[in-house]
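So the protein lines, in turn, are chains A and B. So this note's numbering is basically just the index in the first sequence, starting at one, shifted up by 1180. So this note's numbering is basically just the index in the second sequence, starting at one, shifted up by 687.
Don't read these hints as lab results, they were simulated from the structure. Where is the CB? At the ideal position from N, CA and C, for every residue including glycine. Treat the hints with care, since some could be wrong.
[Unchecked claim] List time: in silico EDC-like cross-link candidates among lysine to aspartate or glutamate, alpha-carbon distance up to 16 Å:
#, chain 1, residue 1, chain 2, residue 2
1, A, K1374, A, E1310
2, B, K818, A, E1550
3, A, K1342, A, E1410
4, A, K1403, A, E1554
5, B, K725, A, E1262
6, B, K725, A, D1220
7, B, K809, B, E851
8, A, K1403, A, E1310
9, B, K813, B, D832
[Said to hold, decoys possible] Covered by chain B, per the in silico footprint, the following chain A stretches (three or more residues, Cβ under 8 Å):
#, stretch
10, 1270-1282
11, 1392-1403
12, 1408-1418
Below, each chain spelled out in residue letters.
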Amino acid sequence: MQLHYQSQAVAKPYFIAAIALFVGQILFGLILGLQYVIGDFLFPAIPFNVARMVHTNLLIVWLLFGFMGAAYYLVPEETETELHSPLLAHLLFWIFLVAGALTVVGYLTVPYATLAEMTGNELLATMGREFLEQPLPTKLGIVVVALAFLYNIGMTILKGRKTAIGMILLMGLVGLAVFFLFAFYNPSNLVRDKYFWWWVVHLWVEGVWELILGAILGFVLLKITGVDREVIEKWLYVIITLTLVSGFIGTGHHYYWIGTPGYWQWWGGIFSALEPLPFFAMTVFCFNMVNRRRRQHPNKAATLWALGTGVMAFLGAGVWGFLHTLAPINYYTHGTQITAAHGHMAFYGAYVMVVLTIISYAMPILRGREANPERAQVLEMWSFWLMTVSMVFITLFLTAAGILQVWLQRIIPNPQPFMQVQNQLTMFYWMRWLAGVVFLIGLTVYIYSFFARDRPQTAEAREGQTATA
Amino acid sequence: MQAAIFGLWTGFPPEVSSSGAARIVADKEVVMSAFFTKSMARNIFYGGTLFSVLLFLALTFHTNWRIPQRIPAAAPSPEVARGKTLWETRNCIGCHTILGEGAYFAPELGNVYKRRGPDFIKAWIKIQPTKTPGRRQMPQFHFTDQQLDDLVAFLKWTSEINTENWPPNIEG
C-alpha cells in the first residue's frame, strides 16, 4: 500500500520519537511511585521534584510530538495536496527533539536553581510553576517550533481542500500556541499568577486540545468505518461546541480556593459539571460510527484504540473529573490524591489513547501496508488491554488513597498532619506501583508488536488464501 | 477463529451488516440531515464559542479588578516578590502544594505560616535533609538569612489571601 501523498512520510519520525519519550515518561513514573513508599529512594541523585518534572514534561512533549505527527499525516490527505514544506517539518523535528532532550538532561544533571541561573530566568522569570518548569530558551524554542509548524500546516490547508476535520485541527493547534503564550506571564502576585497559569493548563487540556482530539478521532473513524464525511463532521461540531461552551467558563472550577472571588464556585461548578457531556458525546460518536461502518477495515487494532479513546476519555476526564468538580466536594478533595487519580486516567484516556489511535492507524501505512500482520495486531490489542486495565487500577488505588487521605486529614474531628496520613496510605501506594509495573509490561508488548511478524505457517496459509481468491 | 476473537475484543461482529440495514441507516440519516445540517452545527459552534469566550473575558475582567481586595496588601512587597522567585527557582511545587496546587508528595504550604510559624519554617529548611532512612527527603538549599526571611515573607503573604476558608483545617 502506497501513501496517498509522499509528504505524509514526515509523520513517521514524530511517531517514533513520541513512543520513545513515552517509555521515558513511564520509567520516571515508576521511580515516583516507588518514592511514594520508599521516601529516600534515589535521593539525592534524583529527588522527587526532578523525577516529577521529567515525568510530566515528557508526557507533554511526547503528546505534542504525537499531535504534530498526526497533523503531518492527516492534513495532506484532508487537503488533497502535498505538505507545504516537508523539509521544514524534518528540521522542526530535530530542533524540538534536541531542545526537549537538552531540557531533560538539564533537569537531571544540574540543580534547578543553577539551571535557572544558567538559562537567564532573571531576565524573565517563568520557571518553577507546575508543568511550566522549562527554562526560558526551551519555552522560546517551543514558541518558534509551534509558529513554524502552524505556518507549514496553515499554508498546506490554504492551498488545498478545506474540510471541517482540517479546520478543527487547525483551530485546536492555533489555540494551543496562543494559550501557551500565557506561560510567559508570571506576576509576583500569586493570585494573578495562578489565574493565568490555568489559561495554559486548563484551556489546553479541557479546551483546545479536545479540538485536536476530536479532529484526529474523526479522521481515523472516517478512514476505518467509511461512514459519510457529512455525518462525522456534524458530530464533530456538536462535540466541540459542548467542549468549548462548558470548558471556557468551566475554568472556574480551578478558581474556588486560590484567592479569586467566591462567585466562581457557582460559575465553575455549573459549567464544569457540563464538561463530561462532550466526552459522553465522543463515546456515543465512536460506537455509532463503528456500528454504522460501511467497510471492514483490516486494521482491527486501530478500531480498538479509537473505541477505547471514546470510553476512557469519558471515564477519566468526564466521570473522574465530575467526581470532585462541585465546590462543596472540592473543598475537601482539592490538592489530594483524588486529583492525581483524575489526572492519570484523564490524560491516558483522552490524549495518550488518541495519539496511540492515530499511530495504530497510520504507522502500518507509513511502513507500506494497510494493516499490520495478524500476530502484530493481536499483540497490540494485548498491550491495549494491559495498559488500559492497569491504568484503571492505578486510578482506583489513587482514588482509594485519596478518600482515606481526605477523611483522616480534613474530615475527622482531630485531623492528622500530612505525613502521618501519608504513612497510612502505603498499602494503596504499593498497589498503585504494581499496577504501574503492569503498565510498563503493556508498553513493552506494545513496542514489541511493531516488530512482530506472522509465524511462517500463518503467513503461508494467508498467502494461499490470497492466491485462491 | 481469529476473526471471532477480534470481534469479541473490538465489540463488533466480524461481518459487516447487510446492505439492507445500511440502507435503512442511510435513509434515517437523510431524514435527520433535513432537520439538523452540518452548517447548522457549525454555526452553533461559532456562536456558542464566541458567547463563552466573551462571558469568560467579562468574568476575568471583574475578577482581576477584585483581586487587590482579596490579598493582604494591594501589591506584594519586594520581599514577597523575592520570596516567590526563591519558591519558583527551587521548584518547591515539584513536591508541595500551595493553595492546593502542585505535587501531592509533601505538605500544603499555603497555610504553613499559620500552622508552624516563621521560626519553625526557617529551622526546618536549615536542617534538611533529615536523612531518616525510608522517609521522604527534602534537599538542602543553602539559603542565606536574607533569603529565608524573603521566603517566610512570601509564605506569610500567601497565608493571608482570602481563599474562601480553604483549607478546611490547619493541617492543610
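Status of each hint after checking the structure:
| no. | hint | in the structure |
| --- | --- | --- |
| 1 | A:K1374 - A:E1310 | 10 Å, holds |
| 2 | B:K818 - A:E1550 | 57 Å, violated |
| 3 | A:K1342 - A:E1410 | 13 Å, holds |
| 4 | A:K1403 - A:E1554 | 19 Å, violated |
| 5 | B:K725 - A:E1262 | 27 Å, violated |
| 6 | B:K725 - A:D1220 | 57 Å, violated |
| 7 | B:K809 - B:E851 | 28 Å, violated |
| 8 | A:K1403 - A:E1310 | 38 Å, violated |
| 9 | B:K813 - B:D832 | 10 Å, holds |
| 10 | 1270-1282 | violated (count 0) |
| 11 | 1392-1403 | violated (count 0) |
| 12 | 1408-1418 | holds (count 7) |
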